[in-house]
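If you're matching them up, the sequences are chains H and B in order. So the first sequence is numbered by numbering that gives the first Met the number 0: it starts at 0 and just counts up by one. So the second sequence is numbered by numbering that gives the first Met the number 0: it starts at 0 and just counts up by one.
I should point out that these hints are in silico values taken from the structure, not numbers from a laboratory. Every value quoted in this text rests on a predicted model; they were computed, and no experiment measured them. A couple of the hints might just be wrong.
What the hints assert, rightly or not - Calculated Cβ distances over 12 angstroms to all of chain H for the following chain B residues:
id	residue
1	N154
2	G172
3	T210
4	I255
5	N295
6	A351
Said to hold, decoys possible - Listed below are the simulated BS3-like cross-link pairs for lysine-lysine, each with C-alpha atoms no more than 30 angstroms apart in a straight line:
id	chain 1	residue 1	chain 2	residue 2
7	B	K171	H	K263
8	B	K245	B	K184
9	B	K316	H	K262
Beta carbons: idealized from backbone N, C-alpha and C, even for Gly.
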Amino acid sequence: MSQNNMLAMILAGGRGSRLLDLTNKVAKPAVSFGGKYRIVDFPLSNCANSGINVVGVLTQYESVVLNSYVAAGGQWGLDTKDSGVFVLPPREKAEEGFNVYRGTADAISQNIDFIDSYSPDYLLILSGDHIYKMDYDEMLNYHKMQNADLTVAVRPVPWKEASRFGIMFADETGRITEFQEKPKEPKSNLASMGIYIFTWKTLRKVLLADMKNPDSSHDFGNDVIPEFLNSGKKLVAYTFDGYWKDVGTIDSLWEANMDLLGKKSELKMDDPNWKIYTGDASTLPQLIGPNALIDRAYITQGCIVDGEVHHSVLFTGAEVEEGAVVTDSVLMPGSVVEAGAVVTRALVADGIKIGKGAKVGSADSESITLVAKRVKGEE
Amino acid sequence: MAKAFGIITSASNRYVVEGMQEYRPISSFSFAGRYRLVDFPISNMSNSNIDRIQVYISGNPRSLVEHLGTGRHYNINSKRGKLQLLFHDEGNINRLYNTDIAAFMDSIEIIERIHEEYVVITTSNMIFTQDFSALLDQHIKSEADISLLYHRVENAHDSFRGCNILNLNRQKGVQSIETNMGNSKDRNIFMETYVMKKSIFLDIIKKAARTSSMYHLSGAVNLEASELDIRGIQHKGFFAAVTDLKSYYDANLMLINQENARNLFDPKWPIYTQTTDSCPTQYFEGADVKNSMISNGCTIEGTIENCVIGRGVHVGKGAVIKNSVILAYSRIGKGVLVENQVVDKWARIIHANEVVSEAGKPGYVRRDDTL
Numbered sequence: 000m001s002q003n004n005m006l007a008m009i010l011a012g013g014r015g016s017r018l019l020d021l022t023n024k025v026a027k028p029a030v031s032f033g034g035k036y037r038i039v040d041f042p043l044s045n046c047a048n049s050g051i052n053v054v055g056v057l058t059q060y061e062s063v064v065l066n067s068y069v070a071a072g073g074q075w076g077l078d079t080k081d082s083g084v085f086v087l088p089p090r091e092k093a094e095e096g097f098n099v100y101r102g103t104a105d106a107i108s109q110n111i112d113f114i115d116s117y118s119p120d121y122l123l124i125l126s127g128d129h130i131y132k133m134d135y136d137e138m139l140n141y142h143k144m145q146n147a148d149l150t151v152a153v154r155p156v157p158w159k160e161a162s163r164f165g166i167m168f169a170d171e172t173g174r175i176t177e178f179q180e181k182p183k184e185p186k187s188n189l190a191s192m193g194i195y196i197f198t199w200k201t202l203r204k205v206l207l208a209d210m211k212n213p214d215s216s217h218d219f220g221n222d223v224i225p226e227f228l229n230s231g232k233k234l235v236a237y238t239f240d241g242y243w244k245d246v247g248t249i250d251s252l253w254e255a256n257m258d259l260l261g262k263k264s265e266l267k268m269d270d271p272n273w274k275i276y277t278g279d280a281s282t283l284p285q286l287i288g289p290n291a292l293i294d295r296a297y298i299t300q301g302c303i304v305d306g307e308v309h310h311s312v313l314f315t316g317a318e319v320e321e322g323a324v325v326t327d328s329v330l331m332p333g334s335v336v337e338a339g340a341v342v343t344r345a346l347v348a349d350g351i352k353i354g355k356g357a358k359v360g361s362a363d364s365e366s367i368t369l370v371a372k373r374v375k376g377e378e
Numbered sequence: 000m001a002k003a004f005g006i007i008t009s010a011s012n013r014y015v016v017e018g019m020q021e022y023r024p025i026s027s028f029s030f031a032g033r034y035r036l037v038d039f040p041i042s043n044m045s046n047s048n049i050d051r052i053q054v055y056i057s058g059n060p061r062s063l064v065e066h067l068g069t070g071r072h073y074n075i076n077s078k079r080g081k082l083q084l085l086f087h088d089e090g091n092i093n094r095l096y097n098t099d100i101a102a103f104m105d106s107i108e109i110i111e112r113i114h115e116e117y118v119v120i121t122t123s124n125m126i127f128t129q130d131f132s133a134l135l136d137q138h139i140k141s142e143a144d145i146s147l148l149y150h151r152v153e154n155a156h157d158s159f160r161g162c163n164i165l166n167l168n169r170q171k172g173v174q175s176i177e178t179n180m181g182n183s184k185d186r187n188i189f190m191e192t193y194v195m196k197k198s199i200f201l202d203i204i205k206k207a208a209r210t211s212s213m214y215h216l217s218g219a220v221n222l223e224a225s226e227l228d229i230r231g232i233q234h235k236g237f238f239a240a241v242t243d244l245k246s247y248y249d250a251n252l253m254l255i256n257q258e259n260a261r262n263l264f265d266p267k268w269p270i271y272t273q274t275t276d277s278c279p280t281q282y283f284e285g286a287d288v289k290n291s292m293i294s295n296g297c298t299i300e301g302t303i304e305n306c307v308i309g310r311g312v313h314v315g316k317g318a319v320i321k322n323s324v325i326l327a328y329s330r331i332g333k334g335v336l337v338e339n340q341v342v343d344k345w346a347r348i349i350h351a352n353e354v355v356s357e358a359g360k361p362g363y364v365r366r367d368d369t370l
């Protein structure tokens, strides 16, 4: 490895059960987002754009789609002689037999051999379920400047929501003095984004001890970070104030998609200097028919639209037939809204057909309607 | 594994497309928003399991070389297969010498070393899909010496000028190949696609090169019509030829028709191209888009009707674009009217109130130009 001598590990093992039927067949990081992307494209593209050459992706749950997708590192330009994306599911080992990953920290501990083979100076830990653009190299510069053992990326959240996050309390120099996991009475509103830069030598020692500790849950938030604090290591907070969204629920996934529709989307998807890369689809461009009516929409290649689309995001190959009306909705790849059907405030899952004249979702529903099964229409 | 290797000829030595061609060879012309013309023959070959492909280039090679790269995006196995770019241009001596046969003769040692028994030759100025392995099977079964692919049209009197046509007998035997002069409606347009044994191909080009420096392959094959068994095979499906600005414009606009678009872009026969990783297209309030093919990366605030729009095009508030082909990264400013135009890449129409040409006679706005 070269460039900044930092290796990245993406924790992509979670099922994401709050995404309901969307994660029946695929792990959360492989869920589609923003028309043509998958969630995991964001951390992977950020890595590529930040000059990180080697990325390990730790998978566990339903990882066939994710593994085959991620293994083609060329999509992010990470397939040169000294770069690569490596899928790291739990392995059977000679001394210990087969262990699943017991926690986020354990997933790293079980891959110490992989990390050591690149002898990095720094290790970047990411999660595979957030939508944001971030230059990890700038964060690394901060880590070096502070001479820290651990740098945690944080962002200010509204005080009333602070109890949902891991909260960092930092002094005026940026040094973290206290960490509270989902506190009832938060002392600060700086929430951890689940993005950590560790000095590898230090983390390695802590992990080796943690593996042997029978009382540990082998988790970064519960065990490793408290251990760093207790043993007097230097933890600093790195404040990030750009767009960042956890897309762990149907509502938040829908919302993050809707965020793309604004005149000045904070995510700046069209920034040519920080593109998000993804698997290329061999489809025609989007085809807009003679009866189409489109306003405020985010539409990608392969879509065929001959109906009305208002304030909605259409993913690769989605079709809206003549007379259909799609409002405030997300149509995932290959979904079809047949003639005359009406889709309102809904998220239509991959490949799902809404039959002729059918109605799904409603304008005043409290939460977003997830449509994950075919909806029959008029015959 | 196919028994044939592929050759894709440069059409730039036969046709001149006003304006566009100053910047790139015809093979490299943008088509249907996100493709370049050469993507079609290469994808046809790749999908037909032909993975040794020679692309002949004449004219400014920069954009084509950049676009083709290692050929990996065409699904060609990089170890077994090979995409070769062969540059040949004698246009600065005299365009007369710029023949496909001269280009082949330049690379004759390379062609001789290829071990595949057959060759499939096609061109990059014609847009169609064709399973070449089926064509090869049919050719071998027929025991003909050469098979030529053609498309039957009913508008040869006012289109396909300068293309070759095949005169066939009842058994589909090729009697002659001649240039379409527009004196008849019903014609068999020759798709510049040949299947034959490599040995026959080598004999023909060597003989032609000895006879005259002006021969093109079609002319040389025509001379063999009485000696060899040459058959025509009819192509069905989408077909367009780019021979001048008007035909380039027309070919693009044919795709606004959903039936045409679905015919050319069959999910079972993917057309590959180089991705630019542009984000999806954003439609804002005030956008009114109908009957158009739109690429990714655009921002649209105006009206678009009957157009093909390339990647990353900006259409300002109140702008109206009708019956036009807008190439990538162009900007159509607020309130501007554009009608019946081909607008080349990176052009900015921001000061002019309107750029309108007569229907059927598309105008051309130069690359990087500001109007």
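We went through each hint and held it up to the structure:
1. The beta carbon of B:N154 sits about 24 angstroms from the closest Cβ of chain H, which is more than 12 angstroms, so the claim that it is off the interface holds.
2. The beta carbon of B:G172 sits about 37 angstroms from the closest Cβ of chain H, which is more than 12 angstroms, so the claim that it is off the interface holds.
3. Every beta carbon of chain H lies more than 12 angstroms from that of B:T210, the smallest distance being close to 43 angstroms; the non-interface claim holds.
4. Against the 12 angstroms criterion, B:I255 falls within the reach of chain H, whose nearest CB is about 8 angstroms from its own CB.
5. Listed as outside the interface, B:N295 is inconsistent with that label: its C-beta sits roughly 5 angstroms from the nearest C-beta of chain H, within the 12 angstroms cut-off.
6. A cut-off of 12 angstroms between C-beta atoms confirms that B:A351 is not in contact with chain H; the least separation is 26 angstroms.
7. Between B:K171 and H:K263, the direct Cα distance comes to roughly 61 angstroms. Violation of the 30 angstroms bound is thereby established for this hinted pair.
8. With a C-alpha separation of about 18 angstroms, the suggested pair B:K245 and B:K184 falls inside the 30 angstroms cut-off, and the hint holds.
9. Restraint check: the Cα-Cα separation between B:K316 and H:K262 comes to about 13 angstroms, which is no more than 30 angstroms; the hinted pair holds.
Of the numbered hints stated above, those contradicted by the structure are hints 4, 5, 7, listed in ascending order.
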